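**Q** Line by line, the protein sequences are chains A and B.
Each step along the first sequence adds one to the number in the UniProt record's numbering, with nothing skipped, and position 32 is 32.
Each step along the second sequence adds one to the number in the UniProt record's numbering, with nothing skipped, and position 397 is 397.
Calculated directly from the structure, the hints in this document are not laboratory data.
As the structure is a prediction and not an experimental result, all values here were calculated from the model.
Don't be surprised by glycine CBs; every beta carbon is placed ideally from N, CA and C.
Heads up, none of these hints are tricks.
Incomplete in silico selection of chain A near chain B, CB under 10 Å:
#1 V51
#2 E120
#3 A576
#4 R709
#5 V739
Label pairs and their in silico Cβ distance ranges:
#6 E147/B - D583/A: 22 to 28 Å
#7 N388/B - P116/A: 23 to 29 Å
#8 G266/B - F371/A: 49 to 55 Å
#9 A444/B - A383/A: 54 to 60 Å
#10 A547/A - S154/B: 45 to 51 Å
#11 I470/B - V263/A: 35 to 41 Å
#12 E49/A - S154/B: 32 to 38 Å
#13 K183/B - E49/A: 43 to 49 Å
#14 Q347/B - A547/A: 36 to 42 Å
#15 P695/A - S154/B: 32 to 38 Å
#16 P116/A - E147/B: 40 to 46 Å
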Amino acid sequence: MAEPEASSAAANGGGRLRNAFGGVLSAFTLLLIGVLAFSIRLFSVIKYESVIHEFDPYFNFRVTQFLSKNGIYEFWNWFDDRTWYPLGRVIGGTVYPGLTLTAGTIWWLLNSLNIPLSVETVCVFTAPIFSANASWATYLLTKEAKGTGAGLMAAAILAMVPSYISRSVAGSYDNEAVAIFALIFTFYLYVKTLNTGSLFYATLNALSYFYMVCSWGGYTFIINLIPMHVLLCIVTGRYSSRLYIAYAPLVILGTLLAALVPVVGFNAVMTSEHFASFLVFIILHVVALVYYIKGLLTPRLFKVAMTLVISVGLAVCFAVVAVLVALVASSPTKGWSGRSLSLLDPTYASKYIPIIASVSEHQPPTWPSYFMDINVLAFLIPAGIISCFLPLSDASSFMVLYLVTAVYFSGVMVRLMLVLAPAACILSGIALSEVFGVLTRSLKFQLSKLFDDSSSAVPASGDSSTERATNSTKSENGNEKSETAPKEKPSKKNRKKEKEMAESVPVKPNKKEKRLLVLPFELSIMGILLLIVLGGFYVVHCVWAAAEAYSAPSIVLTSRSRDGLHVFDDFREAYAWLSHNTDVDDKVASWWDYGYQTTAMANRTVIVDNNTWNNTHIATVGTAMSSPEKAAWEIFNSLDVKYVLVVFGGLVGYPSDDINKFLWMVRIGGGVFPHIKEPDYLRDGQYRVDAQATPTMLNCLMYKLCYYRFVETDGKGFDRVRGYEIGKKHFKLTHFEEVFTTHHWMVRIYKLKPQKNRVRGKLKKLKSGAKSSSTLAAGRKNPWQ
Amino acid sequence: MPPSFQTLATATVLLLLFTASAVSCASLPPEDGIRIVSAEKRIDLTGPIVKVYLTLKVENVAAASDASQVLLAFTPTEVQHLAIVKATRAEGKRKKKTYVPLAVEASDLATSAPNGANLYSVLLDAPLKPGETITLEVLYVLTHSLEPFPAEISQSESQLVYYRDSAVLLSPYHVLEQVTYIKMPSNRIESFTRVDPTSRAGTEVKYGTYSNQAPNSYLPILVHYENNRPFAVVEELVRKVEISHWGNVQITEHYKLRHGGARHKGVFSRLEFQSRPSISGASSFKNLLARLPPRVHSVYYRDEIGNISTSHLRIGSHKSELEIEPRYPLFGGWHCTFTIGYGLPLQDFLFESDDGRRFINLTFGCPLLDTVVDDLTIKVVLPEGSKNPQPIVPFATEKHLETSYSYLDVVGRTTVVLKKNNVVGEHNVPFQVYYEFNPIFMLAEPMMLTSAVLLFFVACIAYLHMDLSIGKSS
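So here's chain A without its partners, still in its complex pose:
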């Protein structure tokens, strides 16, 4: 450490100026990265409008509205009777409140400053704001591992990684939007604590973990990844007091704080997802004890003590493990929740829980989706891993571990690609920054050699000899962190010293190899150009993905034709109609996909929604949809349903409609009510609604509600989604009546007809009676009187 310091001190007094300049430059770069992260997510607002997207965000939006209107205590106690009729749902105890509270707080702050932004606006822009935060957190995390350059690179890459954009465009008001920030920030604080050994950061880490628990169920990833890393450090002989400080407070404080979140509660200590952290906590203490005793005793005594401790410790451990295993085994799902289990065993969901399998984001991804979501990063990651191993520090080993686990999880569920994205960005940032470092260094070296040959007047920064030039640049590279550190916290000199001590350990091997790492001039120029082209491709892809692929709000569809842009706003048309022209307490039945939107936009009670907590209830709706009209009417009537809503894309060719989802309804319904059998709806294993469809299919409620009077539009009944004419064209509805169909027929709403009078014999008399009474009524209304 002495030599570079001396050299930098000797460089000149201008070095400080350069440092200050570098600091300001990186601050501005960070600011710009934040602006980039924010503004690349605004495509949805510019191309469409400032509106909440998709399904889950509508629920979060509704909760936020409730929170901002009724306050936090009402929110915790909120029992929502607008959904899961007649069961209802305890919202306060079943949501991750982080996102809602965040947006609610932002809204409250703005309003107390008399800035009259609506809750909706705040919700729309929460995700872009937090992705800017996330890119700054990425900078911090990568800086801890590999210095400022890598940090800036990683932050810039994360600011526009498509995978993250897909979840955080303006309007995509979902848990992940803030959770990714919380995830990266928690990792940063963990690595920071690991590097400094400061209890301050350890406490912050626990708080950040608490925020993560508040925000997303994905917090279990943290509480499993960090113990894994601790274990890795112990196994590789990297145990230190810093590791202890980084981990032990997190487990204790973090678990206590996590238990405060109602939705987690005692799960924080009871379920198997958290088991690993406690196990590692015990192991860490055992190891700490061993190290402590090792320091106390002489080597010989230590050996004796060692055998004693190991035998006793093992016995205790076995006992504890046995108790835990027994406890876990006694629960049917082995203490794991369905979604977590499907992570460990990718085939679990499709075998046992069709409802989890029916969600497209729970499916395993395809290869193209990797290219779509992380693009060139996929190729940079290996380079990043290599550079993490040269030299391997606590921090860089954490990055590698994070990447490896995230790759596995993303392979199981498309949705978890989101967790992979930060890891991929960090490692690619590291890789790119290292490559740029090597290339520019050799460029510099070659240039100075060139100048040396031509004239000796040029060497400005005191590089008289080429050897020293490489050395100083190298040390500069290694020292970036310690150079930038003084700018951020000059008051914490003592802490910084500690940190430098800590960092000197990983930096050392770098300095030992003092051989020249110089590439030929042309090659390095070429390399830099190629890298810039690669980066350019990445940027172009990201902008394309943000603008075209991921910014559609999915409640408004557009299509471009020769005569301009055509807007399909049918969903909102239907919801607006429901909200203004039906009774406030009417119940609307639809497939669960539309539950959140119906409660949020139409403000009507729904039977099932996207929360999917009650499989039986969903199966009931699925059964009704797959039953013939009369049976369906009976099911719906028993549920107090007044309106049935179906989504039908056959007229305009909207593919994700209810007919295409119908097999899931059959499967989920059949899972609970065995009289619904999937083969009845399939002809030779094929799902079709044309002339060869089975009679069961053609008589089920879903078919009838979707295609009612459809044939009269074109005379043939040609379904544009399926691409053929429908099987049964002319039929009447006996138990339902059409009350509303949207402009493009995408949403059709039917009303249950009132129950018929059962007294058959008196029917005629009643009719005549009714007639007379009607004439009476007319007589009363006679205007001439």
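Since the structure of chain A is already known, use the hints to place chain B on it.
**A** For chain B alone, kept in the frame of chain A given last:
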């Protein structure tokens, strides 16, 4: 008073017995000796709003006293639905006719009119001397006076409505000669009461000529006809006008719209609505036209769940037209809500008066054409720091002051709130709000922001120069 009064009253009493609003002959008309020489009543039933044009030739037959006012009588039902009464005095002959507007106010002589009939007095600009005649043109507008019958119709039926009125002019004065014309939108007239002489020509029904009608006579008639014009009723309209002295007037209008016609019954079939638009849903309406001021900018049209993409804006030099379509076609009894917002250049609306005060000159009423507004609230949000606001509206409104808070306000903005019920297109007249404003207040918010940023930097500098660590750094 004429001596024939008693006999005429007995002649009409049989007819009067049938009506609920029949007059009693006990009370006497006002003793100012006015007689209506000829009266023509034209009732325009073509739209959802009933417009009645009265042409009265009034003569003062009193011996000595001048008449300063002419009374108009309305039945209690009419008064409930009466939106506006306007009167003008016609001068000159045919081509060179000029109209002098006259003030109209509700008269407190109601007690003297029979059967709760309400009197409105037209205040003459010059007293009517004995023996003189003048011609008055009166326009009054009735809202919610067309009763759909049948009250519920299905999609394929067209809408029929009742209109109730009197064949003769209800007046506290003796009417010598009177005729009533009723104009309807289409040839389809189901029925109309015959009070001879009655004749029908095409879309028009003529009652009269009736001569020598006693004061307060009333001959109820009922017309049942087809009216498929959009019965757009704005149940509630809140217009918020925000004035910024930085150059913009921002107007936000929240509408709660209802189709006030015959209720829709049973099935709504999009198929029939799309394939047979002429006969299916004839009484429904798909779009509305709003007339906005010229040079309007940043227009938006949305509701609580987002933009509504079906609208067209045409900006002209005299007026701008915004054609809006609700999310779905409105059938009888269906509701919808939406918000329209737009910005206007300040120089078109804000002026400085002679006494140094400023005033904003805005249009009252609702920009949507052919609609009735049941409940109109106009909020004029003056800039922060304005004092002594004084609204001047040409008709009676409920007024009060509020304070509202917007971007970074500290003391809040004075807001003038004007409320009026039963507003129609005839209410779209200019009104003014006068207020005092010191331009220094314009700088308050920029200064606040600047100082906040300054404070932030000072705090940063202070923090960086302080050593907050507890232990001594070695």
